[in-house]
Every structure is written in structure tokens, then in C-alpha cells.
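Novice: Read off the chains here:
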Amino acid sequence: MIAEIGHFALILALAVALLQATLPLIGAQRGDPVWMGLSGPTSVAQMVLVTVSFAALTHAYVTSDFSVLNVAQNSHTDKPMLYKVAGVWGNHEGSLLLWITILAVFGCAVTAFGRNLPPGLKARALAVQAIITVGFLLFILFTSNPFERLDPAPMNGNGLNPLLQDPGLAFHPPMLYLGYVGFSMAFSFAIAALIEGRVDAAWARWVRPWTLAAWVFLTGGIVLGSWWAYYELGWGGWWYWDPVENASFMPWLAGTALLHSAVVVEKRDALKAWTIFLAITAFGLSLLGTFLVRSGVITSVHAFASDPTRGVFILALLVVAIGGSFTLFAFRAPNLKTGGLFSPVSREGALLLNNVLMATGAGTVLLGTLYPLFADALDLGKVSVGPPFFNSVFVPLMVPMVLAMAVGPLMSWKRGDLAGVLGRLKIAIGLSLVITAATWFLQGGSAGPWWAAGGMGLAAWLLLGTLVDLAERVRLFKAPLSDSLARAGRLPRSYWGMMLAHGGLALFIAGATASSAWKVEAVQSQKIGEAITVSGYTFTLKEVKDVPGANYLATEGIFEVTKDGKFFAEMRPAKRVYRQPPRPTTEAAIEGTFLGDVYAVIGDKDVVSGGYVTRLYFNPLVPWMWVGTLFMVLGGLTSLTDRRHRIGAPTRARAVAQAAKA
Amino acid sequence: MRRLLFLLPLVGFLALAAMFKWGLGHDPRTLPSMLIDRPVPEMALAALPGRPADSGLNTAHLKGRVSLVNIFGSWCIACVQEHPYLMQIKKSGIVPIYGIDWRDDPVEGARWLAKNGDPYDRVGIDPAPGRTAIDFGVTGAPESFIVDKDGVIRYKHIGPITPDNWQSTLLPIIRELSK
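One line per chain: the protein sequences are C and E, in this order.
Residue numbering for the first sequence is 0 to 661, as defined by numbering that gives the first Met the number 0.
Residue numbering for the second sequence is 0 to 178, as defined by numbering that gives the first Met the number 0.
Please note that a few of the clues may not be correct.
[Said to hold, decoys possible] Here are the simulated DSBU-like cross-link-like pairs (lysine-lysine), alpha carbons at most 35 Å apart as the crow flies:
id	chain 1	residue 1	chain 2	residue 2
1	E	Lys89	C	Lys604
2	C	Lys604	E	Lys62
3	C	Lys604	E	Lys148
4	E	Lys155	C	Lys604
5	C	Lys544	E	Lys90
6	C	Lys544	E	Lys89
7	C	Lys477	C	Lys266
8	E	Lys62	E	Lys114
9	C	Lys565	C	Lys526
10	E	Lys89	C	Lys518
11	C	Lys518	C	Lys562
12	E	Lys114	E	Lys89
13	E	Lys114	C	Lys541
14	E	Lys148	C	Lys518
15	E	Lys114	C	Lys604
16	E	Lys148	C	Lys541
17	C	Lys565	E	Lys114
18	E	Lys62	E	Lys89
19	E	Lys155	E	Lys178
20	C	Lys544	E	Lys114
21	C	Lys541	E	Lys90
22	E	Lys114	C	Lys562
23	C	Lys526	E	Lys20
24	E	Lys90	C	Lys604
25	C	Lys526	E	Lys62
26	C	Lys526	E	Lys148
Note that these hints are calculated values from the structure, not bench results.
Let the hints inform the model, and build the full structure from the sequences given.
Specialist: Encoded structure:
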């Protein structure tokens, strides 16, 4: 019964979404305030209906109602409660429902927080949002109904893929979707602005917090996924350039570019068409990611069960949403009035450079991800594009971007003084060169990879450049310390957000470089009592025992790890074999230190020697990567609390008044 | 002129969409049909260093019994994932497994097998550029081929062999061909 309520609520939501997609749009065209006003109640109604539906599916999972096909296929009674709930979105149909739920929540949020938005813009943006919802509701109702019944109901379900039964991965999809769907806000506002033919500072001020929130979630989601791959797949790697990873990384790149170009629109009234383009692209790439993961066009290690009919539907959705938007863009964007002019060497110039490199980066990842498909279509044979392509094309693109990242914030708007800025950065330049040389020396010259020193130097440059900027703004050492502190307190939150995010990226670069360059690994068959030394850490395998878990049996290896003869840690990596479905997973044991992760994995028993296959690693500076990304997320959150976002979008009149004052 | 610039995103997107439309009709995992039902390519692969010289792999070895040819390399991460299951297949004795150590340093390959266990009845080396693997139409490692009694390739499997795909696809084909 409850499942039917969920299904029915979805159908009602479709009807409401159809109203929301049409009436406010017509109202805005005619200037009819009543019809425009309909966007508010319909968005609230839609949110309620979709939430009811989501709750109904969650109820079916929590109570293990196996008469619902989706539950029978993806759940099992002996799963812990966390994974019963996470199972709701651990499959195609449920994750789609989660997507729609988030979309509805965002729509409702516009109604709740957008009281002082110009009514026309609000009505149009909400209507566009509803058009997307209609597309997704049609998709779920016609091809992927999560409430389908199964008769007779089986005694128990098939269970959830054990790889997904992990706290990191339980929250990875919701975070990711909050990011993807969050970009729909920027998208809807971009389309609304194209229809109105006007993009101004107030518009940018409205779009920026939504984009920022989406970016925070997407960053968090990607990091959770990467962290999961790091400890769960047991290879000591954290990024594989897998199509599914790329699918989330491309919108991130476009979204990051959008975040920065929206600043230019807000402060300088320039780069408008470009910003609109990025807003469409960021959401377009989110949709594309969904398409790639679910259509079976690209093979990937962790794609959802794919189905070509669903693929056709998503493709149609993609063509309507993105093709339609770009058509509108082609007609309306050339007429957008361009505002402030700027010289290439200026803050705007630096942001534009960042944007172009980010967008090119996204394009490169897109090309690499789709190249196997292109090659196949053009009959160039079957090819696979692996990490070497991305490392040799994407990474070099990011080098000039990071170089410019340290310079940009010191540059003034409109016309900058590059020589002056470099002069102010001379300490940073000097220290970065010293760090580059020191790294080269420490890794034994050409004994390590040649790019490692460059990577560490680059990280140092970004961190130091960011700190120099901060020091100058608070007049550190030039004014009394109390004065500097007072100045620091007066800096806007958005500035602190930028500091944190840029500094975090510097830490990330250092971690990524070090872990790729100097990872030490030993894979062997190890007998009980045998000691293996990796990078100064001696791993002695003490014991291997079976430990039963909730719905699996774990084989746990107990290592005593010593460093320089002194006890360092006891590590317990395990290998689990789940009961339903019967599949193994590895659980790495990780001990973090300031300089890197000590990482151990236990494998199968080696029949020949009587030992166990063990993989022991030292992963240098990996914790820096996680801390760095955490800083980036914190930076985004800090910036979100900036005063001008809290107050909300000022009305146009106020923006004009401010511009006049400035 | 400037207006044309604004058309670019649309044009680019439509090209992409056309590509997807085409891609939906194709399963990227399927083997180019020309390789199925063809005899295995002529080959005479040398043995791994430190093993008897006659433990290499040549075309004649693939005749007389249904066999599984597995492409691997010590550099290949997914191969390590696949490896324990190959060991189990070996233990079951259902089908002989022949390994081709592809684009690898043979010394490393031998060491890798010593470390992880050797599921292969025979191992031949195919150092870079991997002439034999090209003849097989290999796209990456791991990859496996089912060869029938007459030495004809009957099935190609891309990616690691897992309990799932073994039970659902590979084993039934081997059973059928072994009749």
C-alpha cells in the first residue's frame, strides 16, 4: 500500500511540475503577477509530493518489503540498518528518485529564500527548474519505476553489492547529487536570464551562493568517492581516471570555472555570455555524467546496470535540455550588453585565464573519456584511454593555472601591474625555487621522477603566494600585530574562503605529487612471524584469524609495525567475504602520519608456501591530500557565510546605488 | 561573425549527441566479429626466464582440448584482482589456462607469478610491442579467449574474470564446447 502511495505521489508530482513548468513562464511573458506567483506554491507542493515518494521507498527498504522488486533486487534482511537506508540510492531507480527529490528541495529553497528576487526572474527560473523535473519524472515513471511489485514476494532479497556497503560510499551518492543538482540552479537562472535578455551584478550575486553550495557538495562527494577507492580497493591509489570518476570531475571543473567567472560578472559586469555558457555547461556535464553512467555507451568498472532504452530516454532529455539551452544561447547571448572593459593583465584577466584553462581541462577529460567511443564510431578500432593520457595532457594544463592562481589575487581589477605583483612575490618565488631544488636533491636527483620536484615547487608557490597576499592585506610585520589582527578580522568571509580553498589546493598538489612519485610498495607471500620492511616500517605478521561480521566473514591479519626498533602500531587489515551476494572485499588498514600513510592489505592464503599474500605500502603525504580537500570544502562553506550572501540578493535598485557610490 | 561564435556550443553538442545515438546501438564490450571463429594466430612464444625452454606457448598447444588463453602482465592492476579467481579455476581443473605475459619485462613477469601463484599450464612471453597480442586483437589486459578443440577462437572476454561472469558466461561456453 505504501509503495502505491509513493508511486501515486510521483504521478501527482508530474502533474504539478507540468503546471509549474508552464503557467509561471506564460505569466512572466505577460507580466501577470498571479500566474508568476504560482511558481511558489507549486514548487512547495512538488517538494512535498516527491518527499512522500522518497519516504515511501525508504520505508520499503527499512522494513525489507520484498514484494517491491527494487527492494528484492538490492536489499537483504541481514544488512545493517545504515546500508538498508543507503540501499535506497544504491541502485538506478532509487538514485534517480533521490536526484528528483534533491531537485525539488532546491526548487523549494528558491521559493523560501528568494523573496526579494525580481518576480519575473524567479518565475522563469522556477519554471525552467520544473521543466527539468518533468523530464526526470517522465524518465522514472516510464522506464525506471522503483515501486514495481514482485509477485510472489521472495523470502529474501539479493543484497547490495558489498563494495557499496561502506560508510564512505553510503554518503557519496547523495553528496554528489547535491552537487550535480545544485548546478541546475545556476542553469535555471542562466536560462531565465537568457529569456529576459539581461545579466547583471544582482543576477551573479544570486547565482553565486547556489553554485558555491553545489561546488561544496560536489567537492565533498568526489573526495568521499576517492577516499573510498583509496581504502577499499586496496591498491593504495586514489584516482583511476575511470569514466565514472571523470563524469563527476568534468562538472566540477566547469563549476569551479563558473564560480570564478560569476565573480567577474558581480564585481565588474563583464564576461556575461561566458558565465552563462559555463552555467549551461556545468549542469550539462552533470546530465552527461548521468547519461554515461546509465546508458552503457561507455564501459566502466563501476557503472550502473545499463540499459539502452534508458539510454535513449536520457539522450533525448540531454538533447532537449542542453541542445535547447545552447540554441537559446546562440540567439540571445550575442545581445547581452558587455560591461566593464579590462586589460589582459588584470584580476579579470587572471580569472579569465583560469576559466579558459579549467574549461579546456574539462574538455580534455571529456575527450579522453569519450575517445574510445569516437574511435569506435569512426572505425579507428577499439582503444582504451588510460591514466597516461590524462596525466600527460590534463596535468600540464593545470600547471599554468596554478602558476596564475598565486598571482591573480594580488592583481588589481581592470589594469594590473604584473612586474609589481611579481616583485611583491619575490619571497614566494625564491622559497619555491629552494623547495624545488631541495626536493630534487632529497629524491636523489634523477633517481625519482623528474616532475616530482616541479610538483612540490608548484605546491609551495601556490601556498606561499596565497600567504603573501594575506600578509599584505593585514600588513603583517609592517603594522603592529594588534593592527594586523584587527585587519584580518575585517577581511570579508569570502576572502577567507578563497584563502582556505587555494591553500587547500596547494596541500592537495603536494600530496598528489608525493604519493604518485614516491609510493613504496611490497607485494609478497608472507608467513606468520615473517617481517617485511617497507620504507623504514617493519611489518611482522603476528596472526591471521577469522572474525564474523553482521553479514560477512572477515579474515583479519594482525601486523605489528615497528619503526627504528620501536613499536609504531598494530594494524588489522581484513578481507571480507559477504554472504549475500557472495563477494569478497578488502579492508585496508591505514595508519596516518604527518609524512604519509602506512598502509597494509591482506589477501588470500598462498597454498604453495603456506603464507598469505600481503601488500604493504608507504604512501607519502596522502593525508595532506585529504586535509587539502577538506580545506577546499571549508573554504567554500566559509565563503557561503559571507555577509552579502546572508543578506540575500539586493534588489536591482540597491545594486545600482552601490555601483554609483563606487 | 561574432554570432557564429555563439553557435559553436550548439554545433559541438549536436555532434556529441549524434555520436551517443550511434553509441547506444553498440555494445562497447563486443568483440569485432571478424575475430570470432577464426583460428588462433600463428605464434611461438618463448618460455619465461628460469623455466624449461619447452614451457613456452605455441599454436599447436591450443589444439586438442578446449582452453582458456589469458593475457596478463606484472604491470596490470586488474590482473592482480583477477588472479585469485584464476587460481581457483586452475584448482577446479575444468579447463587448462594458457598465459601470455604481454608487454612485460619477462623477469618481472616470472617474479609476479612466483609471488601471486601460477594458475597457468603454460606461459609464453610476448614482449613489447606485443606482436601476438595484436594478432589476437587484444585491447588491454586482462583479457581472455576461449579456444575450442580445433584451435579456433570462440569467445573473447574483456576485463577481469570474476565469479559472476565466469558462472554466467564463460563456464557455460566452455561446457558447451567441451561436449
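Novice: Taking the earlier hints as the rules, which of them does this structure contradict?
Specialist: 14, 16, 23, 25 and 26
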